[in-house]
Amino acid sequence: MKELKILYLYPDILELYGDFGNIQVLKYRLEKRGINCIIEEYTIGDLEPNFCEYDLIFAGGGADQEQSILAKDLIHYKDNIRKAIDNNVFFLLICGAYQLFGKYYKDVDGNIIPGLEVFDYYTEAINDRKKRCIGNIVIDVTLNDLNTKVIGFENHGGQTFNISSPFGNVLYGNGNKFGDTQEGFFKDNVIGTYLHGPLLSKNPELADYIIKYCLDRKYNENIILENLDDKFENLCREQLFNQFLSRHN
Amino acid sequence: MKNFFIILIIKILNIGLKIFRKNGGNFLGKLAFDWNPNIFKYFKINCPIIAVTATNGKTMTNNAIGYVFKKAGCKVISNVEGNNMETGILSTLMKNCSLTGKIKADYLVFEVDESYVPVVFKDLKLDTLVVLNFFRDQLDRNGEVESLILRINEFLKTYNGNLVLNSDDPNVSRLAKANPANENIYYYSVEKYAFATTKIKEAGEGKFCPFCNTKLEYEYYQYSHIGKFECPNCGYGKNKIYKLATNVDLKNKSFDIDNFTYTTKFNSIYNIYNFTAIIACVSLYNIDRNIIKYALSEFQLNNGRLEELKIKGNTTIINLAKNPTGANVSIRILNEDDDEKELLFVLNDNLADGHDVSWIWDINFDELKNVTRIITSGTRAYDIAIRIKTAGFDSSKIFPYLSLNEAVNDLYSTNSKKYVIANYTALQPTRKELLSK
Numbered sequence: 001m002k003e004l005k006i007l008y009l010y011p012d013i014l015e016l017y018g019d020f021g022n023i024q025v026l027k028y029r030l031e032k033r034g035i036n037c038i039i040e041e042y043t044i045g046d047l048e049p050n051f052c053e054y055d056l057i058f059a060g061g062g063a064d065q066e067q068s069i070l071a072k073d074l075i076h077y078k079d080n081i082r083k084a085i086d087n088n089v090f091f092l093l094i095c096g097a098y099q100l101f102g103k104y105y106k107d108v109d110g111n112i113i114p115g116l117e118v119f120d121y122y123t124e125a126i127n128d129r130k131k132r133c134i135g136n137i138v139i140d141v142t143l144n145d146l147n148t149k150v151i152g153f154e155n156h157g158g159q160t161f162n163i164s165s166p167f168g169n170v171l172y173g174n175g176n177k178f179g180d181t182q183e184g185f186f187k188d189n190v191i192g193t194y195l196h197g198p199l200l201s202k203n204p205e206l207a208d209y210i211i212k213y214c215l216d217r218k219y220n221e222n223i224i225l226e227n228l229d230d231k232f233e234n235l236c237r238e239q240l241f242n243q244f245l246s247r248h249n
Numbered sequence: 001m002k003n004f005f006i007i008l009i010i011k012i013l014n015i016g017l018k019i020f021r022k023n024g025g026n027f028l029g030k031l032a033f034d035w036n037p038n039i040f041k042y043f044k045i046n047c048p049i050i051a052v053t054a055t056n057g058k059t060m061t062n063n064a065i066g067y068v069f070k071k072a073g074c075k076v077i078s079n080v081e082g083n084n085m086e087t088g089i090l091s092t093l094m095k096n097c098s099l100t101g102k103i104k105a106d107y108l109v110f111e112v113d114e115s116y117v118p119v120v121f122k123d124l125k126l127d128t129l130v131v132l133n134f135f136r137d138q139l140d141r142n143g144e145v146e147s148l149i150l151r152i153n154e155f156l157k158t159y160n161g162n163l164v165l166n167s168d169d170p171n172v173s174r175l176a177k178a179n180p181a182n183e184n185i186y187y188y189s190v191e192k193y194a195f196a197t198t199k200i201k202e203a204g205e206g207k208f209c210p211f212c213n214t215k216l217e218y219e220y221y222q223y224s225h226i227g228k229f230e231c232p233n234c235g236y237g238k239n240k241i242y243k244l245a246t247n248v249d250l251k252n253k254s255f256d257i258d259n260f261t262y263t264t265k266f267n268s269i270y271n272i273y274n275f276t277a278i279i280a281c282v283s284l285y286n287i288d289r290n291i292i293k294y295a296l297s298e299f300q301l302n303n304g305r306l307e308e309l310k311i312k313g314n315t316t317i318i319n320l321a322k323n324p325t326g327a328n329v330s331i332r333i334l335n336e337d338d339d340e341k342e343l344l345f346v347l348n349d350n351l352a353d354g355h356d357v358s359w360i361w362d363i364n365f366d367e368l369k370n371v372t373r374i375i376t377s378g379t380r381a382y383d384i385a386i387r388i389k390t391a392g393f394d395s396s397k398i399f400p401y402l403s404l405n406e407a408v409n410d411l412y413s414t415n416s417k418k419y420v421i422a423n424y425t426a427l428q429p430t431r432k433e434l435l436s437k
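Listed in order, the protein sequences are those of chains A and B.
Residue 137 in this note's numbering sits at position 137 of the first sequence, with consecutive numbering throughout.
Residue 372 in this note's numbering sits at position 372 of the second sequence, with consecutive numbering throughout.
By construction, these hints were calculated from the structure, which means they are not laboratory data.
Keep in mind the model is a prediction, meaning the values are calculated, not measured.
There's no promise every hint is true.
[Stated by the list, open to error] Derived pair list, reagent style PhoX-like, types lysine-lysine, alpha-carbon separation capped at 20 angstroms: (1) K192/B / K70/B; (2) K104/B / K11/B; (3) K125/B / K192/B; (4) K2/B / K75/B; (5) K72/A / K207/B; (6) K104/B / K231/A; (7) K41/B / K71/B; (8) K218/A / K27/A; (9) K75/B / K102/B; (10) K41/B / K11/B; (11) K215/B / K72/A; (12) K32/A / K397/B.
[What the hints assert, rightly or not] Label-pair restraints from in silico Cβ distances: (13) K199/B / N234/A: 48 to 58 angstroms; (14) F241/A / P118/B: 40 to 50 angstroms; (15) K432/B / E53/A: 52 to 62 angstroms; (16) N220/A / N415/B: 49 to 59 angstroms; (17) I241/B / L228/A: 44 to 54 angstroms; (18) I241/B / V108/A: 35 to 45 angstroms; (19) L228/A / R289/B: 53 to 63 angstroms; (20) I38/A / K192/B: 28 to 38 angstroms; (21) T414/B / R33/A: 26 to 36 angstroms; (22) P118/B / D12/A: 29 to 39 angstroms; (23) T198/B / K83/A: 33 to 43 angstroms; (24) G392/B / D12/A: 14 to 24 angstroms; (25) D145/A / K397/B: 33 to 43 angstroms.
[As the list claims (entries may be wrong)] If the Cβ cut is set under 7 angstroms, some of the chain A residues that face chain B in the computed set are: (26) Y17; (27) G18; (28) V25; (29) P198.
All C-beta atoms in this analysis are idealised placements derived from N, C-alpha and C, irrespective of residue type, glycine included.
All chains, please: the whole structure from these sequences, using the hints.
Next comes the structure, spelled out in structure tokens:
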């Protein structure tokens, strides 16, 4: 039986916006196809994980105060994480985790929280706590041979700059900054994005893209995934695209 | 003089609204507040003012405290309709005062929105503040819980009145330290109940010690992050309990406090906490415990908060759930009920609900017990259907409808017990649709 091994980082801290749902969606879509899904967790105080042992690393968004606590912990694993990225392990990073993989995060009070510096982008909070990019968001995504619309919800004060290759182009909503045309960061085996929702819950094509990537890499093949019943997902997308895109265009 | 006329005009408007059978709600208060933001100072109040604040359970607790006082023969003025922002409280005061601002009552009891406590009680002298809990709630509207707690904490730094605090919520009991000079701190707690767990089962907030940032250790969780905790570093969490509920019996809806048994019409651990807060609060005013017992045994809410109805011969239990903890409490009640049942979940994403519905992924749908079918509705009927499907519930037994009417019709196409969960703006339309059957 095939299996994928997922490492879920800081499940007790980066869990504010239901991002754990992404792992549930992956598990659901794997198990429906008879593929085993192993989820292992790492949080502050646990033994150092070997990031290269996993097929997918996931981390979500958390509360500001708690995020700065874990940033100090994560930085210990900088080299280990870089090695996993070079080994093509897939990374799905949402919101706070997305920010932490950049150069730094400058908070509202001007304090600099150093990032992992794995990528060149950096994030700065607007110096007004009340100003945040909040709302539904739809982006147009092209990942190698996949072109699809991705829908989610953004809620971030941080403005992310210096993105070399975005995750998608904004059709509705803000993106990396207020009124931006670009959202997130994408590079071969890494997706960084502000999209909650959770991201994969209404974007089954994206979920399957990630699953296929991980299986192809692990088993060195070009798998064709069996179709699943995505009736609810498709109805939901149709409803929301009608609501957000027709009004907008 | 100006205030005199404001009140006069508001009273005339109120009579006008009554003729047209309309409820002034927040409207009259807003009018007066815009006219004079210092109008709270104008009222002459010679009785204790009691306020209840929390993320969940404000209305129920507020109304029950008022009900106990009434049963004790006292005159109570209260915002029982749930208008809990400064404008709503102002409306309640103006409807009940003389033209010179005099208020005749034995007690004023108010539920107050978490973010409005400092605004309302800037100029009104608060005698007792009851704080029940803090949970994540509509993050896109309210922001993170922490900023909300800090605002109340700031207000409490100069407050010397009674503070009734949930000892088992680390985000609430920390408020005792806001003003170290205040000696009127009254903690309440509930003894470990049958469904308590050693691992957290639902989304929660109390992870780190608010004083030293150390990870809190829990002996057990009652629900969400409510439970017996302690900071291994600084010892935060050890409190002297004023009222402790013991022998919690959800089947018989009873519990003991000070070796005295109380029975209620509510059957969840979450409500036992609220009742313990109510008893702690009214005990500060020396209400006879036999009167408390009698009042609580018949206290009910008929507004969709754990309301039980018979519809087309089927027992139907309706509950409001506007955030993960509210929904998880409803799911707990459903799972603690051995009967076979169907569930209707109505989810809206209107402004008052928060446009973000990702919180439904914090609802624990993992082990639904004896649920035969699930109907979903509301503006986000499909989102909640996806959520429930992903939790492992057979998708062929999930039926989403954007139309509430079709959803309710389908719900009553079978005969069985029904549980209905609806979020904020969904609750009243759902209730109306159910009652029309």
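Outcome of the hint check:
For the hint pairing K192/B with K70/B, the CA-to-CA distance comes to about 32 angstroms; that exceeds 20 angstroms, so the pair is violated. Restraint check for K104/B and K11/B: satisfied, since their Cα atoms lie roughly 16 angstroms apart, inside the 20 angstroms limit. With a CA separation close to 36 angstroms, the supplied pair K125/B and K192/B exceeds the 20 angstroms bound. A distance of roughly 29 angstroms separates the Cα atoms of K2/B and K75/B; the hinted pair therefore is violated under the 20 angstroms criterion.
Of the pairs offered as hints, the one joining K72/A and K207/B holds, with about 17 angstroms between alpha carbons and a cut-off of 20 angstroms not exceeded. A C-alpha spacing of about 61 angstroms is found between K104/B and K231/A, which places the hinted pair above 20 angstroms, so the restraint is violated. Straight-line distance between C-alpha atoms of K41/B and K71/B comes to about 30 angstroms, which puts the hinted pair past the 20 angstroms bound. With a C-alpha separation of about 17 angstroms, the suggested pairing of K218/A with K27/A holds against the 20 angstroms cut-off.
Between the alpha carbons of K75/B and K102/B the distance comes to roughly 14 angstroms, so the proposed pair stays at or under 20 angstroms and holds. About 18 angstroms separates the Cα atoms of K41/B and K11/B, which keeps this hinted pair within 20 angstroms; it holds. For the proposed pair K215/B and K72/A, the alpha carbon gap of about 15 angstroms is at most 20 angstroms, so the pair holds. For the suggested pair K32/A and K397/B, the alpha carbons sit about 17 angstroms apart, so the restraint of at most 20 angstroms is met.
Roughly 36 angstroms separates the CB atoms of K199/B and N234/A, a value that falls outside the hinted 48 to 58 angstroms. Evaluation of the 40 to 50 angstroms hint for F241/A and P118/B yields a pass: the beta carbon distance comes to about 42 angstroms. Roughly 55 angstroms separates the CB atoms of K432/B and E53/A, a value that falls within the hinted 52 to 62 angstroms. Remark: the range hint 49 to 59 angstroms for N220/A to N415/B is upheld by a beta-carbon distance near 56 angstroms.
Between I241/B and L228/A the CB atoms are about 52 angstroms apart, so this pair conforms to the stated range of 44 to 54 angstroms. Restraint check, I241/B to V108/A: a C-beta distance of roughly 38 angstroms satisfies the suggested window 35 to 45 angstroms. Distance hint for L228/A and R289/B: a CB-CB separation of about 59 angstroms, consistent with the stated range 53 to 63 angstroms. Taken as a hint, the range 28 to 38 angstroms holds for the pair I38/A and K192/B, whose Cβ atoms sit roughly 33 angstroms apart.
Taken as a hint, the range 26 to 36 angstroms holds for the pair T414/B and R33/A, whose Cβ atoms sit roughly 33 angstroms apart. A C-beta distance of roughly 31 angstroms is found between P118/B and D12/A, which places it inside the suggested range of 29 to 39 angstroms. Under the hint 33 to 43 angstroms, the C-beta atoms of T198/B and K83/A, about 36 angstroms apart, fit the expected range. Taking 14 to 24 angstroms as the suggested C-beta distance range, the pair G392/B and D12/A conforms, at roughly 22 angstroms.
In this structure the supplied range 33 to 43 angstroms holds for D145/A paired with K397/B, their Cβ-Cβ distance being about 36 angstroms. Because the closest C-beta pair between Y17/A and chain B is about 5 angstroms apart, less than 7 angstroms, the hint holds. A hinted interface residue such as G18/A counts as satisfied when its beta carbon comes closer than 7 angstroms to some beta carbon of chain B; here the least separation is about 3 angstroms, so the hint holds. Hint status for V25/A relative to chain B: holds, with the closest Cβ pair at about 6 angstroms, below 7 angstroms.
For the restraint placing P198/A at the interface with chain B, the shortest Cβ-Cβ distance is roughly 6 angstroms, inside the 7 angstroms limit, so the hint holds.
Against the hints set out earlier in the document, violations occur for numbers 1, 3, 4, 6, 7 and 13.
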